[in-house]
Every structure is written in structure tokens, then in C-alpha cells.
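Asks: Residue-level listing of the chains:
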Amino acid sequence: MSEQELRLSRQVYRLRIFGLGLGFLCIAAVFYQRDATLLAWTVLAAHGFVWPHVAWYHARTSADPHVAERINLVVDSMMGGIFVALMQFTLLPSVLIVAMLSMDKLGWGWRFLGRTSGAMAATCLVTTVLTGASFRLDTSMPVIVASIPLMVAYPFAVAFVSERSGRMARERKKAVEQTAVLREQLAHIARVGTLGEMAAGLAHELNQPLTAIHLEAQTALEFRPAGVPEDVLDSLSRIGEQSIRAGDIVRRMRTFARRGQARREAIAISPLIQEVLALLDHDLRLNGVETILHLRDDLPPVFVDRIEIEQVMVNLIRNAIEAMGSAATPVRQLTIATEPMPRDVRVTVTDTGGGIAPTILARLFHPFQTTKSAGLGLGLSICQSLVEANGGRVSAGPHPPGGATFFFELPLVRAANA
Amino acid sequence: MNPNPPVFVVDDEEPVRVSLSKLLRAMGYPTQSFASATAFLESEAVSEHGCLLLDLRMPGMSGIDLIEELTRRQLAVPIIVMTGHTDMKSVQRLESFPLVGFLEKPFSVDQLRELLDRWRFGI
Chain A
2 MSEQELRLSR QVYRLRIFGL GLGFLCIAAV FYQRDATLLA WTVLAAHGFV WPHVAWYHAR
62 TSADPHVAER INLVVDSMMG GIFVALMQFT LLPSVLIVAM LSMDKLGWGW RFLGRTSGAM
122 AATCLVTTVL TGASFRLDTS MPVIVASIPL MVAYPFAVAF VSERSGRMAR ERKKAVEQTA
182 VLREQLAHIA RVGTLGEMAA GLAHELNQPL TAIHLEAQTA LEFRPAGVPE DVLDSLSRIG
242 EQSIRAGDIV RRMRTFARRG QARREAIAIS PLIQEVLALL DHDLRLNGVE TILHLRDDLP
302 PVFVDRIEIE QVMVNLIRNA IEAMGSAATP VRQLTIATEP MPRDVRVTVT DTGGGIAPTI
362 LARLFHPFQT TKSAGLGLGL SICQSLVEAN GGRVSAGPHP PGGATFFFEL PLVRAANA
Chain B
49 MNPNPPVFVV DDEEPVRVSL SKLLRAMGYP TQSFASATAF LESEAVSEHG CLLLDLRMPG
109 MSGIDLIEEL TRRQLAVPII VMTGHTDMKS VQRLESFPLV GFLEKPFSVD QLRELLDRWR
169 FGI
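Chains A and B supply the protein sequences, listed in that same order. Numbering of the first sequence is given in this note's numbering, commencing with residue 2 and proceeding in unit increments. Numbering of the second sequence is given in this note's numbering, commencing with residue 49 and proceeding in unit increments.
Simulated from the structure, these hints should not be mistaken for laboratory data. Positions of the beta carbon are idealized from the N, C-alpha and C atoms, including for glycine. Careful, some of the hints might be misleading.
Each pair of labels, with its calculated beta carbon distance range [what the hints assert, rightly or not]:
{"id": "1", "chain 1": "B", "residue 1": "S91", "chain 2": "A", "residue 2": "E185", "range": "52 to 60 angstroms"}
{"id": "2", "chain 1": "A", "residue 1": "P341", "chain 2": "B", "residue 2": "S91", "range": "54 to 62 angstroms"}
{"id": "3", "chain 1": "B", "residue 1": "E152", "chain 2": "A", "residue 2": "V182", "range": "40 to 48 angstroms"}
{"id": "4", "chain 1": "A", "residue 1": "A227", "chain 2": "B", "residue 2": "G108", "range": "41 to 49 angstroms"}
{"id": "5", "chain 1": "A", "residue 1": "M342", "chain 2": "B", "residue 2": "P54", "range": "30 to 38 angstroms"}
{"id": "6", "chain 1": "B", "residue 1": "E62", "chain 2": "A", "residue 2": "I361", "range": "49 to 57 angstroms"}
{"id": "7", "chain 1": "B", "residue 1": "P78", "chain 2": "A", "residue 2": "A227", "range": "18 to 26 angstroms"}
{"id": "8", "chain 1": "B", "residue 1": "E117", "chain 2": "A", "residue 2": "L203", "range": "29 to 37 angstroms"}
{"id": "9", "chain 1": "A", "residue 1": "H283", "chain 2": "B", "residue 2": "R161", "range": "42 to 50 angstroms"}
{"id": "10", "chain 1": "A", "residue 1": "A188", "chain 2": "B", "residue 2": "R161", "range": "48 to 56 angstroms"}
{"id": "11", "chain 1": "B", "residue 1": "G108", "chain 2": "A", "residue 2": "R184", "range": "39 to 47 angstroms"}
The following block holds chain A by itself, in its conformation from the complex (with noise of 0.2 angstroms):
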């Protein structure tokens, strides 16, 4: 969103510098009734042409339109001020009503109130010097009859263009609120990419020294040295068998910081699952869960992006650790079952955590929704496209002694063929 379209629309103005020249010809029309003096029409006048321009300057350069528009609401303030003076004070109360109106659409402020309220008596004040005009309240028919169209006119030209203004300013300040935040976020992406580009790299130079501990510990073995105590080369084996499964586990990591085409293929998805929890086996330990799987062996192979249903899959199981790492959690199980469907074969994670509040359920899937402090709010959205883009549907429900269940559905080589 550019700056440009952050500013209040000219729509808006070009009500508002309506309104205001409405208002200056009924005072004109007030004036000429009463023989104005020359100096009182001079100060309408100006009025009347420098205060539409001062808003017009300011919405233009002002960087933030809440502030632009609380100026021009004090602007509006000072010709409700020459109204409410020259019908002796008849308009008080409905122009304060409608003072009130507009300050609400942006928000009540003590300063904000005491700037309007003060324009306003400082032009009542002015206005009745210059015209004449005495404090008089009059209740006379005549009176009340000749202001109704005031009466009804101002209010509601007011508390539309306030309304409509008032409305897209606070629209403007929290889109530009929400860009800042977006910035933030994206720095933080970014850094976390940047994290994954290093782990990709980092991999490839792990795998250098893992090969090489490997090859000496299988060396020394190769030789089966007489002599040497059972226990050492018990040792030696661990030690190869241990490099190769640090090589396993770096080998993961980098296949899943690859970047990439998305590539589907016919895969099978138990396995996959396996390999993920064997990427998350730390972070579920960690946290003390209880991995329990219904994983069918039997299951048709899936038409997906590899890649893509890992990383859907590490995201649901680590918000599952998450939502069950609170100490409040007596029983972390997290279960994972497949099964299949007619046309699709269907992944469910369940979690004994604290569940989705049903407020949230709505919103759950769109990006920056988000209950941890950390978190970006972003997991749920991307593992909702990912699936999607591969022909899946996702989505989730409490689960019902407590905690979270989240489903998806991925498309079979056939179906997705057909």
C-alpha cells in the first residue's frame, strides 16, 4: 500500500469543503438579515477561505491521517462556534451533540476535546463582538422555525463527513500499523530463512568429518586387531554406528531446508511420518511427550510434494509439543494416525494440550493468528496452502477429553491423476 493511498480520500474532502460552504452561505445569509458590519463579513471571509485550505495542507503533508483529521474536526469546530453565536446560543446543544459525534469517531482525548471546545468559544466569542450577537437563549417560535434546517443540516452534514473520515483514518493508521508490524515479521522470516540456508551448508561441511570418523572407526575395526579387549571394539562399532546417525539426522535437516521446485510424486505416506518424527525425536523428548501411532502400512501411495507435507507435518507436530508444554499438561500424547478415505488418504494429529479456544477456530487458519509470544502466527496458514496446493483440504476440531485434533486430507496417485 503506498503512502498516497494511505491519505484520506478526496472523496471525503470534497464533502467536507461542501459542508463548510454550506455552512458560509447560511452565515452569509445571517449576516446580510443583520446589516453585518464590514469587519464582521471581512472575518467570515477569511473564515471561510483560509480553514478549508489549512485542512486541505494538512491532510496533504501530514504523515499520519488521524492527526490530519483531528485538525480539520477542530476546523469544523470553529464554524459550528459562528453558528451557535449568531442564533444567540439556540444551537448550543444540538452543535455540541454534534461535536461530541465526530470526536468520538476518533477517539476521545482531554487535549482533543479542550482544542475543539476552545475554537469553538474562542469563534462564538469573536463572532458575537463582531455581530453583535447577544447571549440570549430564545425560545420563540419564529426562531426555532428559521434554525430547523440548521438543526437537522449541520448535525447530520457533520456526523456523515466525521463518519466517513473518521472511519478511514482509523483504517489508514492501522493499515499503517499493521505495515509496520508486517516488516517486522518479514525481517524475521527472513533472518529464519537466512538460519536455513546455514543449516543447509552447515550440513554439507558435517558431513565431511561424520564421513571421516565413520571410515576410521570401520578402519580400525578392519583389522580386527588380536588382543584388543571385546569392549573397545564394541566402542569402535558405536562410534561408527553413531557418525552414521548423526550423518542421517544432518541429511534430513538438509533436505528439508532445500529449497526448491515444488516436485510431486508417489509417495507413501507412513514412512514419511516416520522420517519427521525422527527429524522432531529431540523436541519430543525434550518435552516428555508420548508418541502414539495408527500408522496403516497398507495405505495407497499419496500424489504430494515431499518436501512440502514434511514441512506441514513439522508444523502441526511442533505446535501439538507446544500446546501440551505448559506444566498445566498431565498427559502429553501425541498421536498420529493415517487411514484411508475413498479418494484420499487422511492424516490425523491429535494433541492432549490445552485445545483452540472456539473464538479462535474461525480465524485459526489465517496468517498472523497467533497465542504464543513468539510465534509469528504464520504455521497454520502455510501448512493450510501447502496442503492445498497439493490437492488437500486441512482443518481442525477439539479433541475431546482435551486438547487439539487437526486433520488433512492428501490426494491419492489416481485421484489426483484423474
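With the hints as your guide, set chain B onto chain A.
Replies: For chain B alone, kept in the frame of chain A given last:
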């Protein structure tokens, strides 16, 4: 015929090179190792009937460059390729060459032994 033909190791990583040489010797293969593809090309090992254990990613002349150079010179050297990362593009480029096989680092001794057996006995 010599029951144990030589195996040449070409890898820029010194620790990998050293441990591979030791391991191959322990397995009974005469071994010679080279720190770069150019060093291998310039040596006499090129014309010997040995298996080449080749790292793909190396500074300067890469493993793929070496394979292409050997093909250009019409030297039918049996090659086992070691990849630090399974880069789809490099592997696709290698599809046209008759290689003994691939080893993804870190590989186990059994995987290496299997490929060496495949080379020697054509399994």
C-alpha cells in the same frame, strides 16, 4: 591377473581421503589418493586399471569435470561417485555415464564394500 586391482581416491577433504585410504588398504586394495582432479589426471594412475572413488564437489576441477574429461580421452575408468549432497542436477548430468554407483556421504563400509564388489565381480 592381480586379484586386487588398485583403488584411487580423489577427494579434496584430507580426513576423508586419509581414512578412506586406510580403510581400502585394510580391505586389501592397493590405494593411491589425490587431493584434486587435476592431480589425478596428471598422474600415471589414469592409465592403470583401477577403480576411481571420486568426490563430486571439489574446488577447481569438479568431479563431473573429471568424468567428462576422462570420457573425452576415451578412458574407460570404473568410477564410484561420492556425493556430499544429493544434488539432483549433478546426478542427472551423470546419468549418461556408465558409473559403478553412488555413495552418499556419510556412507557405511558395507555400502562401499558392496559397490567395490559390484565393480570387481560385476554383481
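Asks: Evaluate each hint against the coordinates.
Replies: Each hint, compared with the structure:
Between S91 (chain B) and E185 (chain A) the CB atoms are about 57 angstroms apart, so this pair conforms to the stated range of 52 to 60 angstroms. Our hint of 54 to 62 angstroms for P341 (chain A) and S91 (chain B) holds, since their Cβ atoms are close to 59 angstroms apart. E152 (chain B) and V182 (chain A) have their C-beta atoms about 43 angstroms apart, which keeps the hinted 40 to 48 angstroms range intact. Between A227 (chain A) and G108 (chain B) the beta carbon distance is about 44 angstroms. The supplied range of 41 to 49 angstroms therefore holds.
Checked against the hint of 30 to 38 angstroms, the C-beta distance between M342 (chain A) and P54 (chain B) comes to roughly 58 angstroms, which is inconsistent with it. For the pair E62 (chain B) and I361 (chain A), the beta carbons lie near 56 angstroms from each other, so the given range of 49 to 57 angstroms is met. Distance hint check for P78 (chain B) and A227 (chain A): the Cβ-Cβ separation is about 24 angstroms, which falls inside the suggested range of 18 to 26 angstroms. As the Cβ distance of E117 (chain B) to L203 (chain A) is approximately 31 angstroms, the hint placing it in 29 to 37 angstroms holds.
H283 (chain A) and R161 (chain B) have their C-beta atoms about 32 angstroms apart, which leaves the hinted 42 to 50 angstroms range violated. The hint said 48 to 56 angstroms for the Cβ distance between A188 (chain A) and R161 (chain B), and at roughly 50 angstroms that hint holds. About 43 angstroms separates the C-beta atoms of G108 (chain B) and R184 (chain A), a value consistent with the hinted range of 39 to 47 angstroms.
The structure shown violates the earlier hints numbered 5 and 9.
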